[in-house]
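Participant: Protein chains in written order, with our numbering: chain H, 1 to 96; chain L, 1 to 497.
It should be emphasised that the hints constitute simulated quantities derived from the structure, not laboratory data. Beta carbons: idealized from backbone N, C-alpha and C, even for Gly. Among the hints, a few may not be true.
What the hints assert, rightly or not - Distance ranges between label pairs, derived from CB positions:
#1 R286(L) x E50(H): 20 to 26 Å
#2 L254(L) x S2(H): 31 to 37 Å
#3 H54(H) x D284(L): 37 to 43 Å
#4 R242(L) x Q7(H): 23 to 29 Å
What the hints assert, rightly or not - Keeping only pairs whose Cα atoms sit at most 27 Å apart, straight-line, the calculated DSS-like set for lysine-lysine is:
#5 K248(L) x K224(L)
#6 K248(L) x K10(H)
#7 K120(L) x K82(H)
#8 K82(H) x K78(L)
#9 K82(L) x K64(L)
#10 K10(H) x K458(L)
#11 K460(L) x K10(H)
#12 K78(L) x K64(L)
#13 K470(L) x K460(L)
#14 K120(L) x K224(L)
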Amino acid sequence: MSLTRQQIVKVSLLARLRLRDDELDRMTDQLDQVVSYMDLLAEVDTEDVEPMAHAVEQTNVFAEDRELPSLDREAALSNSPKRDEQCYRVPAVLGD
Amino acid sequence: MSDPSYEIVIGLEVHVQLQTATKLFCRCSTRFGAPPNTQTCPVCIGLPGSLPVMNRQAFALALKTAVALNCQIPGFTKWDRKQYYYPDLPKGYQISQFDLPMSQHGYLEINDAKGAFAPKRVGILRAHLEEDAGKSMHDELAGKADSRIDLNRTGTPLLEIVSQPDMRSPQEARAYLTELKLLLTYLGVSDCNMQEGSLRVDANINLHVATSQGTVATPIVEVKNMNSFRAVERAMAFEATRQFDVWKDTRIALGAPGGHKTTRGWDEQAQMTRPQRQKEESSDYRYFPDPDLAPVIVTDQQLDAVRADLGELPAALRTRLQTEWGIDAYDADVIVNQGRAFVDYFLALANISGDAKRASNWMQQDVLRVLNERALTIDLFPVSSTSLAQLLKTVQQGELDTSRARDVFNAMAESGDSMPQAMQSLGIQAVHGDELADLCRELLEANPSVVADVQAGKDKAIGALIGQAKRRNPNANPNQVRQLCLELIREQGSAQE
Ligand SMILES: [Zn+2]
């Protein structure tokens with residue numbers, strides 16, 4: 001399987017990345033190599049292997065439902081490019 | 001009602017907030033109404049290097065609900081990332097469940113006690129555990145230039161319950177929601193407060209139109225923004241009519257060009273749905289397993305324990321009220337739909353008074369009236385079941401007529417007084433049988449003409465004595481006076497023979 005430039009355009013849109021033409025070319029090439037590697041993995045016979053959902057064989061990791069202190073609001077908002085006293089500010093969200 | 005030439009097909013997607021103290025993957029509080037952005041942490045605002053850990057209680061509540069919805073619970077479940085960009089989703093993905101949800105293939109039975117539709121089983125496609133997003137607010141003052149984002153709600157545990165498209169009318173849709181909410185309330189897994197967003201409903205609706213070429217399905221419409229069950233019912237009725245009109249106009253069927261699924265929002269003010277903009281590329285969420293979260297394994301023993309701990313659910317309780325207490329289906333429905341505490345009050349009242357039918361009537365008419373008038377719940381009702389049972393017994397024994405008893409009840413509900421206290425302050429006295437018999441004897445002696453009339457077959461003549469009895473003793477029960485006088489006259493008659 002190989003990736004088309006068109007697919008890279010779509011993926012970059014989904015990832016909200018604006019790529020220049022030369023970047024698109026480069027990404028098409030690089031991602032294609034990544035996907036080709038998956039093709040290589042796909043050649044392995046997995047007929048009798050249970051599909052796994054996680055790389056670490058660990059299950060049922062829970063935390064108790066007990067409140068701990070949250071971040072101070074100033075700290076939470078401090079990295080925001082735009083904010084006011086209470087909230088993050090973003091370009092208007094339409095049609096919600 | 002609806003046009004016979006089409007059938008309405010409705011499926012509902014309900015998001016219910018689970019009642020935990022903390023969020024699904026971090027230990028921030030889930031309290032509603034806190035100042036914006038005061039309940040967040042690196043996990044729920046998606047700072048790099050933070051690690052989500054599943055809330056044990058959230059999973060337990062979700063499991064309990066899924067079991068109560070008769071779902072199949074797979075032994076293995078995992079969480080996936082659903083990717084999309086929206087300002088209220090700080091990580092750029094929502095942790096949800098995709099191909100291995102924690103439960104699927106359940107059902108919920110719905111019924112209408114007045115018979116508006118036949119009882120039916122609504123299939124549950126799946127119920128899965130996911131996190132909520134934050135809230136965006138539109139700042140009118142800033143000239144709509146910006147949206148403000150509050151991430152307090154981000155990461156709150158939600159159970160998404162997806163029904164099969166099994167509902168065939170707006171009434172059935174509403175009944176499903178009402179029954180689902182009742183079940184969730186009985187289970188104690190959510191407060192189901194729609195105003196605070198603890199329960200949200202989206203609906204998918206289309207029509208199956210009968211044509212000469214067979215049945216044709218119209219394009220599916222997803223309806224959002226419905227803020228009450230009544231709004232859901234109205235939105236569905238509106239959509240059915242609208243879709244049928246569009247069908248007659250365009251003849252565009254589901255899947256045909258122009259027949260793709262669309263989204264509309266319910267406008268409560270205008271009582272109509274309006275088209276909504278679709279999220280760009282919305283269908284391409286590129287789910288993949290969340291590598292930060294460990295899958296969960298559920299054993300049969302665990303499921304047995306959950307089942308054993310479910311408690312008595314509404315459907316079973318309705319049946320029990322009918323079989324054990326002789327209450328009819330409609331009354332059982334009214335009582336059970338008021339919630340578990342109301343049922344417990346009823347059971348106590350029926351038990352102590354020994355008269356379930358009377359208890360049911362008083363609960364539905366008098367107790368419910370006071371609760372509604374004063375916007376109270378039964379646990380805050382000032383009259384205890386023991387006190388009310390005493391009043392019902394007094395009525396049952398004929399010592400108090402219903403209208404006087406109602407006065408006493410109102411006084412008890414007003415002041416929280418016991419029955420004797422309330423009667424005393426109202427100047428009402430229960431009239432015991434002996435006392436009443438003496439009164440009747442006196443009246444009969446004083447009114448030989450009435451006795452003669454009755455003996456001549458004119459029972460109605462007794463009416464003249466009732467007014468007199470009331471004047472002598474305002475607490476005298478008119479029915480009992482009538483009864484007793486008739487009996488005494490008959491006794492006299494047979495003694496003379
Ligand atoms: Zn947090």
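Participant: If I claimed the Cβ atoms of R242(L) and Q7(H) lie 23 to 29 Å apart, would that claim hold in this structure?
Facilitator: With Cβ atoms ~38 Å apart, the hint is violated.
Participant: Does the alpha-carbon distance linking K248(L) and K10(H) stay inside the 27 Å limit?
Facilitator: Cα-Cα ~37 Å, so violated.
Participant: Between the beta carbons of L254(L) and S2(H), is the distance compatible with 31 to 37 Å?
Facilitator: Distance hint for L254(L), S2(H) holds at roughly 35 Å.
Participant: Check the hint pairing K10(H) with K458(L) against an upper bound of 27 Å on the C-alpha distance.
Facilitator: violated (96 Å)
Participant: Given the hint that K470(L) pairs with K460(L), test it: the Cα-Cα distance must not exceed 27 Å.
Facilitator: holds (17 Å)
Participant: Straight-line Cα separation of K82(H) and K78(L) no greater than 27 Å?
Facilitator: violated (36 Å)
Participant: Do the alpha carbons of K248(L) and K224(L) lie within 27 Å of each other, as the hint requires?
Facilitator: Holds, at about 24 Å.
Participant: If I claimed the Cβ atoms of H54(H) and D284(L) lie 37 to 43 Å apart, would that claim hold in this structure?
Facilitator: Given a distance of about 24 Å, which is not inside 37 to 43 Å, the answer is violated.
Participant: Given the hint that K460(L) pairs with K10(H), test it: the Cα-Cα distance must not exceed 27 Å.
Facilitator: violated (92 Å)
Participant: Compare the distance between the alpha carbons of K78(L) and K64(L) with 27 Å, and conclude whether the hinted pair is satisfied.
Facilitator: holds (17 Å)
Participant: Take the C-alpha atoms of K82(L) and K64(L), compute the straight-line distance between them, and say whether it is at most 27 Å.
Facilitator: Holds. K82(L) to K64(L) sits at ~25 Å (cutoff 27 Å).
Participant: So if I understand the rule, the pair passes when the alpha-carbon distance is 27 Å or less; does K120(L) with K82(H) pass?
Facilitator: violated (53 Å)
Comparing the model with each earlier hint shows violations of hints 3, 4, 6, 7, 8, 10 and 11; every other hint is respected.
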